[in-house]
Amino acid sequence: QQQVKQSPQSLIVQKGGISIINCAYENTAFDYFPWYQQFPGKGPALLIAIRPDVSEKKEGRFTISFNKSAKQFSLHIMDSQPGDSATYFCAAIGGSQGNLIFGKGTKLSVKP
Amino acid sequence: SQTIHQWPATLVQPVGSPLSLECTVEGTSNPNLYWYRQAAGRGLQLLFYSVGIGQISSEVPQNLSASRPQDRQFILSSKKLLLSDSGFYLCAWSGTSGANVLTFGAGSRLTVL
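Chains as they are written, first to last, in our numbering: chain A, 2 to 113; chain B, -4 to 108.
Using C-beta positions, here's what the derived DEER-type ranges look like:
1) N25(B) <-> S110(A): 38 to 46 Å
2) A34(B) <-> G84(A): 20 to 28 Å
3) S62(B) <-> F40(A): 27 to 35 Å
4) Q3(A) <-> Q65(B): 30 to 38 Å
5) N58(B) <-> R52(A): 35 to 43 Å
6) Q15(A) <-> K74(B): 45 to 53 Å
7) W2(B) <-> F40(A): 17 to 25 Å
8) W2(B) <-> Q4(A): 28 to 36 Å
9) P9(B) <-> R52(A): 42 to 50 Å
10) S53(B) <-> S97(A): 14 to 22 Å
Only part of the chain B face toward chain A is listed, based on derived beta-carbon distances under 8 Å:
11) G38
12) L39
13) L41
14) L85
15) L97
16) G100
17) A101
18) G102
To be clear, the hints were calculated from the coordinates, so they are not data collected in a lab.
The structure displayed is predicted, hence computed values, not measured ones.
Where is the CB? At the ideal position from N, CA and C, for every residue including glycine.
Using the sequences provided together with the hints, build the complete structure.
Written as structure tokens, this is what we have:
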């Protein structure tokens, strides 16, 4: 009930391609869904976040798509660049869950 | 602006030795504070969180303990390290109202030999 399931575990994309990472949740009380980006040897940093009252949020090349009925959300990285190579974590929080619940992460490699 | 400091950045310790990792936050008051561990190539495991001085909640029973002696100081400790304690330790903070956005420190890489 409290899990956030993230896929794929790893992803290799060519430069200029679209990277897509998917997450699914069960707890309908979740009301905030952030994505974090982590470069090797660094702490994760907030990338983009969405609330369930909108179906999409875009910031530059990064877009979150949210499907409330399916309880799924995804991160799309358009025109992927080698500098986007990092591990991406989705997360969720809300209801009685006071702390962020993280997915297990997706390691993205963008090949030049 | 708020900043979070974590040290040491890297340490190598023998099995059975003690551990102390320190985290401080600047530019905010009464933050929620967190310790996470990340094993190599793995996800983020919440170890402890604190909503105030002296208030510690443990998420996973283990060889570690946490303390919050001051409002913006969070310490992770162990009396005797195990090999399995190796990993990347991350401190984080969040505000107490609104969206619970976590801001992470730069991390401490611990290798237990």
